[in-house]
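Asks: Residue numbers (this note's numbering), protein chains in the order written: chain G, 84 to 361; chain D, 84 to 361.
Just to be clear, a hint being listed does not mean it is correct.
If we take Cβ atoms under 8 Å as the criterion, some of the chain D residues that face chain G in the derived model are [unchecked claim]:
id	residue
1	Y183
2	F185
3	E186
4	K188
5	F192
6	L193
7	K196
8	V229
9	K230
10	Y236
11	I279
Stretch by stretch, here's where chain D covers chain G in the computed footprint (C-beta under 8 Å, at least three residues) [to be verified]:
id	stretch
12	156-168
13	172-185
14	265-273
The calculated lysine-lysine pairs, modelled on BS3-like cross-linking and capped at a C-alpha distance of 30 Å, are [claimed, not checked]:
id	chain 1	residue 1	chain 2	residue 2
15	G	K218	D	K223
16	G	K196	D	K149
17	G	K159	G	K136
18	G	K181	G	K339
19	D	K181	G	K230
20	D	K196	G	K280
21	G	K226	D	K313
22	G	K196	D	K280
23	G	K226	G	K299
24	D	K313	D	K149
Just so you know, these hints were derived from the structure itself, not from any lab.
Glycine residues also receive a C-beta, built at the ideal position from the N, C-alpha and C atoms.
Number of protein chains: 2
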Amino acid sequence: MPKIVIKSDKTKEPYNEEKVKNSLKRINLSDEEINQILSLVNSKLPEVVTTKKLFAFIFQLLKARKEHLAYKFNLKSAIFRLGPSGYPFEKFIAHLFKEYGFEAKHNLFLKGKCLIYEIDVYLKNHSEIFIGECKFHNQKGRKNDVKVVLYSYARFLDIKENPQLKEEEKKILKPLVVTNTRFTSEAIDFSECYSIKLIAWNYPPENSLVTLIERKKYYPLTIFDFLNNKILNSLFQYDIVSLGDFLNKESNFLKKVSNLDLREIEEIKEKIRLILGE
Amino acid sequence: MPKIVIKSDKTKEPYNEEKVKNSLKRINLSDEEINQILSLVNSKLPEVVTTKKLFAFIFQLLKARKEHLAYKFNLKSAIFRLGPSGYPFEKFIAHLFKEYGFEAKHNLFLKGKCLIYEIDVYLKNHSEIFIGECKFHNQKGRKNDVKVVLYSYARFLDIKENPQLKEEEKKILKPLVVTNTRFTSEAIDFSECYSIKLIAWNYPPENSLVTLIERKKYYPLTIFDFLNNKILNSLFQYDIVSLGDFLNKESNFLKKVSNLDLREIEEIKEKIRLILGE
Numbered sequence: 084m085p086k087i088v089i090k091s092d093k094t095k096e097p098y099n100e101e102k103v104k105n106s107l108k109r110i111n112l113s114d115e116e117i118n119q120i121l122s123l124v125n126s127k128l129p130e131v132v133t134t135k136k137l138f139a140f141i142f143q144l145l146k147a148r149k150e151h152l153a154y155k156f157n158l159k160s161a162i163f164r165l166g167p168s169g170y171p172f173e174k175f176i177a178h179l180f181k182e183y184g185f186e187a188k189h190n191l192f193l194k195g196k197c198l199i200y201e202i203d204v205y206l207k208n209h210s211e212i213f214i215g216e217c218k219f220h221n222q223k224g225r226k227n228d229v230k231v232v233l234y235s236y237a238r239f240l241d242i243k244e245n246p247q248l249k250e251e252e253k254k255i256l257k258p259l260v261v262t263n264t265r266f267t268s269e270a271i272d273f274s275e276c277y278s279i280k281l282i283a284w285n286y287p288p289e290n291s292l293v294t295l296i297e298r299k300k301y302y303p304l305t306i307f308d309f310l311n312n313k314i315l316n317s318l319f320q321y322d323i324v325s326l327g328d329f330l331n332k333e334s335n336f337l338k339k340v341s342n343l344d345l346r347e348i349e350e351i352k353e354k355i356r357l358i359l360g361e
Numbered sequence: 084m085p086k087i088v089i090k091s092d093k094t095k096e097p098y099n100e101e102k103v104k105n106s107l108k109r110i111n112l113s114d115e116e117i118n119q120i121l122s123l124v125n126s127k128l129p130e131v132v133t134t135k136k137l138f139a140f141i142f143q144l145l146k147a148r149k150e151h152l153a154y155k156f157n158l159k160s161a162i163f164r165l166g167p168s169g170y171p172f173e174k175f176i177a178h179l180f181k182e183y184g185f186e187a188k189h190n191l192f193l194k195g196k197c198l199i200y201e202i203d204v205y206l207k208n209h210s211e212i213f214i215g216e217c218k219f220h221n222q223k224g225r226k227n228d229v230k231v232v233l234y235s236y237a238r239f240l241d242i243k244e245n246p247q248l249k250e251e252e253k254k255i256l257k258p259l260v261v262t263n264t265r266f267t268s269e270a271i272d273f274s275e276c277y278s279i280k281l282i283a284w285n286y287p288p289e290n291s292l293v294t295l296i297e298r299k300k301y302y303p304l305t306i307f308d309f310l311n312n313k314i315l316n317s318l319f320q321y322d323i324v325s326l327g328d329f330l331n332k333e334s335n336f337l338k339k340v341s342n343l344d345l346r347e348i349e350e351i352k353e354k355i356r357l358i359l360g361e
């Protein structure tokens, strides 16, 4: 029965059943199914276990019982696969915010009073414009310290000082920092103090990255652990990133742009229908 | 005869005799002596040469001819020896600014409106207070990009917003970033625009780090390549950092706190007198 969990940053903490429960609730598992999994975790895993091992154990259990839910459970790792070597994180974030009605651009240049800056994401709707910095980490447990927020804020202030900026735009311009991992408490304190919007994997609870993805079911194709990087990159080149993107494309087109055959494509579409239909 | 120079960051540039001339002028070598060295460089070194090799060649020539000037020529490398493993750079900077009449503190905590920050150096005189960030690099050729200046600036702005700060202090509070290497042109442009004081090895020309050191002859003991790290660290522990510090201490005290014998100490003091007497 697990008592101590070793996290990816090598720190240890007591095993917290509540955390596992919540991550299983997120994927809409019933209470009964959750309890079954928890008791298997208790009976099969040793006293000291890594989070990696714990995750892999539950993932395999889910795969054998409710495969489509296993993939949803795989979301955190899936985001790590969007890294520099795959589909850039900032592009994913821009696409995600389009789902929320934003006009979204990524990797564009914006003028400040003093300098021109390359901005990761630029999100605009009728009431808000976000100047966003995206901090992608491919190691779990990497926290973003206050420096990231500080430099993003100074850049934002300079952009706001651009005399060419329209007054109505200036009023709704806001700084944003998004990450796939976490922020230090200092980074959060500074951001609250200066109204800087932060989005991290689990922060803020009601609008965290995982919540934003879940709410629109904007799952990246990287949740499918059986799709290799070559196939994913081929699809990404055609901006086929989310399950919805894949489902909405003609199977023959998908065949042409990936190395998948038609049978595999239909199987994937079936899995997607199950996940999105949940 | 050198035509191409390979720098420490692996980039190449045409050999520039003027640069070598200037670095020899800095140490007060006569025009005749400079010309002798330049012609030896031309006759003995190959067409493609690393800056490291070029420096070592001149250093050896100087050592054989005017040993005390060789050590002054060694200043840039000496600063690299003040790094994290030796005498911290921020402590050296604080001591240097004391020579300029500043009340100087290093590694202290300052309150802002939103956070408490650890500040590398705090320099105060009757007309200016600098909140300083020190960026030490132990690799030559490492440039400091605009992000360093941006986060230092945001932090400075927050400290300035601290309601407990006295009005007269607020008026003379200024941001400062010091490095032993260089800044990117973006970092310099941003700093000029927002009146952030930058000090780098060669920047700004009239008040660069090398000029500030030369003007007060505040040479660190690390210019002596024959002093090993163990000896240096022993001396540093007693805040004996500069040639002046060493010269002003009793030889018996120096013997006690280092592994040097009295003969060695007297020899070093003699070298110091030559350098400071120049």
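Asks: For the pair supplied as a hint, K226/G and K313/D, confirm whether the alpha-carbon distance does not exceed 30 Å.
Replies: violated (36 Å)
Asks: For the pair we were handed, K159/G and K136/G, check the Cα-Cα distance against 30 Å.
Replies: holds (15 Å)
Asks: Do the alpha carbons of K196/G and K149/D lie within 30 Å of each other, as the hint requires?
Replies: violated (51 Å)
Asks: Does the closest beta carbon of chain G sit nearer than 8 Å to the beta carbon of F185/D?
Replies: Hint on F185/D: violated, closest Cβ of chain G at ~25 Å, above 8 Å.
Asks: Assess, step by step, whether the Cα of K226/G is no farther than 30 Å from the Cα of K299/G, and give holds or violated.
Replies: holds (26 Å)
Asks: Are there at least three residues in the stretch 156-168 of chain G whose beta carbon sits under 8 Å from a beta carbon of chain D?
Replies: Per the Cβ count (0), the hint is violated.
Asks: Does the closest beta carbon of chain G sit nearer than 8 Å to the beta carbon of I279/D?
Replies: Since the shortest Cβ distance to chain G is 10 Å, the answer is violated.
Asks: Do the numbers back the hint for L193/D, that is, is its least Cβ distance to chain G under 8 Å?
Replies: For L193/D, the interface hint is violated, since the closest Cβ of chain G sits about 14 Å away, which is over 8 Å.
Asks: Assess, step by step, whether the Cα of K218/G is no farther than 30 Å from the Cα of K223/D, and give holds or violated.
Replies: holds (28 Å)
Asks: Hint validation: K196/D versus chain G, beta carbon distance must be below 8 Å. Holds or violated?
Replies: holds (7 Å)
Asks: Are K196/G and K280/D close enough, with their CA atoms no more than 30 Å apart?
Replies: holds (18 Å)
Asks: Per the coverage rule (Cβ-Cβ under 8 Å, at least three residues), is the stretch 265-273 of chain G covered by chain D?
Replies: holds (count 3)
Comparing the model with each numbered hint stated earlier shows that hints 1, 2, 3, 4, 5, 6, 11, 12, 13, 16 and 21 do not hold.
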